[in-house]
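Protein chains: 2
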Amino acid sequence: MRRLPLTLLAASLLLAAGTASAADTAIPATAVKTAEQLRDRALADGTAYAVLKSLTTEVGPRLAGSEADQRARDWAVAKFKALGFDKVYVEPVTYPKWVRRHESGAIVAPFPQPFVLTALGYSPGTPAGGLTAQVVGFDSLAALKAADPAAIQGKIVYVGFRMQRHQDGHDYGMGSMVRVAGPVIAAAKGAAGYLLRSAGTDAHQRIAHTGVTGFKPGDKAIPAAALSNPDADQLERALAYGKPVTVKLDLDCGFDGDYTGANVIGEITGRKHPDQVVAIGGHLDSWDPGTGAIDDGAGIAISMAAAKLIHDLPQRPDRTIRVIAFANEEMGLWGARAYADKHAKEVSKFMLGTDSDLGAGKVYRMSASVAPYARPAMAQIADVLKPLGVAYDASRPGGGGSDLGAMHAKGMAALTLNQDATHYFDWHHTPNDTLDKVDPKELAQNVAVYAAWTYMTAQADGDFGSAPGAFKSDGAEE
Amino acid sequence: MRRLPLTLLAASLLLAAGTASAADTAIPATAVKTAEQLRDRALADGTAYAVLKSLTTEVGPRLAGSEADQRARDWAVAKFKALGFDKVYVEPVTYPKWVRRHESGAIVAPFPQPFVLTALGYSPGTPAGGLTAQVVGFDSLAALKAADPAAIQGKIVYVGFRMQRHQDGHDYGMGSMVRVAGPVIAAAKGAAGYLLRSAGTDAHQRIAHTGVTGFKPGDKAIPAAALSNPDADQLERALAYGKPVTVKLDLDCGFDGDYTGANVIGEITGRKHPDQVVAIGGHLDSWDPGTGAIDDGAGIAISMAAAKLIHDLPQRPDRTIRVIAFANEEMGLWGARAYADKHAKEVSKFMLGTDSDLGAGKVYRMSASVAPYARPAMAQIADVLKPLGVAYDASRPGGGGSDLGAMHAKGMAALTLNQDATHYFDWHHTPNDTLDKVDPKELAQNVAVYAAWTYMTAQADGDFGSAPGAFKSDGAEE
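Each protein sequence line maps, in turn, to chains A and B. Going by UniProt numbering, the first residue of the first sequence is number 1, and it counts up by one from there. Going by UniProt numbering, the first residue of the second sequence is number 1, and it counts up by one from there.
Bound conformation, chain A alone (with noise of 0.2 Å):
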């Protein structure tokens, strides 16, 4: 999953510079052309979609240290290969181990009955038998904020916040935060657990969302889950006739060492500049009720893509485009953090990048945080894009996606490409997430972007402002 913005930078920091002058940075007209014609035959293409149903099917969940991780790998080094990128390699990425084994939970009075839920991620296990107790409910974050801690203190707390369907997908922000910092603040507050309505819009579905928690190894830390909304429904509907409700849970899952994975990286290697890259991909590990299709195979699956238009052209980009296939985004950012460290010091080099991760719906924005110099670059490639319906917003910053965003932290100059994500919030982190969920024309949409954008990116005359630390009035900090 991607993480939303929280802020928005002034628009005035941001503006094009006006007029083009002899040190922008530019596209030249044939390549240009190129791009055009990669974005046409890219609509038409069916790699994105066929590299998908590979993954999703030979490969399916993925969930970051487990025996599948490894399966991930190996498909990916092998995807790699036969699609004929120049260059495929590994680098390691160590991270703790997070391993879920059981989940269930259930009222067990006043009205007896199973729940529909699912433990998150870095939560501990139930002590054996089960935890049941009390629940104690509030409506909001603040709320439990708010709240007495006597009030709490051996009960199990219950946050029910409801995320509506948004374009942009902006509800997660909220939900992402009840999830991520709720269980340590009820911890903190003597909590004996935790429960959310999940993060996630389908409302009438009974489908649990899982995501990671605030928790890390040695932390105080209480059993969490996520309720399907249509549970959390019913917890309220319980909760609402004014007696106690007592909940059982019986989490089997927690830390369990450490474990060495790596990012999967292929490249098509630029001809006349082979060490400065243009950098796209997605996450390769998935949460494990689901295939991982929209998050994040979708990602994978248009980088691929775009990189092998570019490989079929007639002769290599000026510059190298580098596919990130990352691990263990899921848990923690862990393979984009291990990447931005160890490639922090050659942050100049990486000309402009992003991830793919909000799903696969079209693109329908582009923002982009770039030197001023680069703004008519950024506009040369706008007009490209204009055709696929991708409205270029010059008043806000690029982040460069969930894992990228790592390496804009360092210095990157990084692009946004907003994804419709009125849909993706409906089954994100569930076992919902499947290859069924994806429109293989919408796929190809953004695969048509990715390859135009990124071909442009490896003939420009000029770079687009990566340096050290150079993005931080972006709001672009470690």
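Careful, some of the hints might be misleading.
You can't tell identical chains apart in this list, so a pair holds if it fits in one copy or across any two.
[As the list claims (entries may be wrong)] Straight line, CA to CA, 30 Å or less: simulated BS3-like cross-link-like pairs of lysine-lysine:
1. K220 x K145
2. K243 x K53
3. K53 x K216
4. K33 x K349
In short, the hints are calculated from the structure, not lab data.
Based on these hints, arrange chain B on the given structure of chain A.
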């Protein structure tokens, strides 16, 4: 759930008598007026939704024979009494108890990953440690029937029929055949296990639809389960690679002796003819994964609320309104059959009847199996229901519903009140059968229909033709 009629009789058998005569059954004008008032009052009455909320919240899932079965009966007795019914009683029903303890399944090779599946009712469990076998796939029941047993022996049979949404839900005819008959056919051909694509129209939900198979206690039976639609897609994709696909099923379920539950009955006692009854109802049991809101809490709520509106009139109706909350419909109409066996000799006292068991969608069509001399009364009822959007089709028979169909088979005159089932099979027999699927306004429309026809029948001058074996020509046979 309601069994859908497999055949329709020739229209000629069912046409109403041309014009009214002195021997015809008729509804007095005062009763018509009161029925119109009941109808209009029902549309603004919240009783049914309150009853449904109470049942689904306070009892929740209520699998026949489970601990919750007793709680559901206690609830029904208490609710009838709280609503002021004149007489509340139970009639015992004994049936084989089937229990579900654990269920899981997975593709073992070539693409290991778990399935979302659910064991079918009356399925035996797998051996300890599970059943692992190669899958042989069929796209229809006909293909399975035609298959050489040698191709099936020792394998897990999969049948992939896809249900589509229809207003009358008719694809459930084949969908339920694949579930009920398929396992029996596969077992006879030597299969080791059986899987089907869920008999459900929720093509994109990772939710499996349970339901009973055709196995009986003591039969040669094989473990049988339903895959969610996306899991069926995944299995079909895996099979399409052309390599052997091995699946493991681990089901802990099966028969567990006999159980005695009960039909729970509430009556509004008739003022003039207390022994003559108008019979309505629904079934009290539900499948265990959901809370049985649409199947069949709605039928219980509609019939209780309709009778309650009649109860609240200034005086009791001429005949008795009998609301029957049937036991164990889901695993083979046990309550219905016990009821019909017990009351067969009184069939002539049952004026007209039907239960409600196709959810809470609006009633859009009425048909009836009644004596020709009762057609004028049916036309009067139709006139009162017409403003509710109910069309009267005098060319179709009535079936009496899934449970009162058994009394119709004995000779009770019967209605069919078709509900809009466009989305019913999205949720039917799944965890998704929860209160949020019910629109209170649509539920109230059902109550308006039931209150009006029930009252008019109770006040009719004349009968509707009930007599032992009266409707064999409509296909109403035991």
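Hints and how they fare:
1. K220 x K145: within (18 Å within a copy, 60 Å between copies)
2. K243 x K53: between (49 Å within a copy, 17 Å between copies)
3. K53 x K216: Classified as neither: same-chain Cα gap 34 Å, cross-chain 41 Å, threshold 30 Å.
4. K33 x K349: Within. Shortest intra-copy distance 25 Å satisfies the 30 Å Cα cut-off; inter-copy 85 Å does not.
When the structure is compared with the earlier hints, a violation turns up for hint 3 alone.
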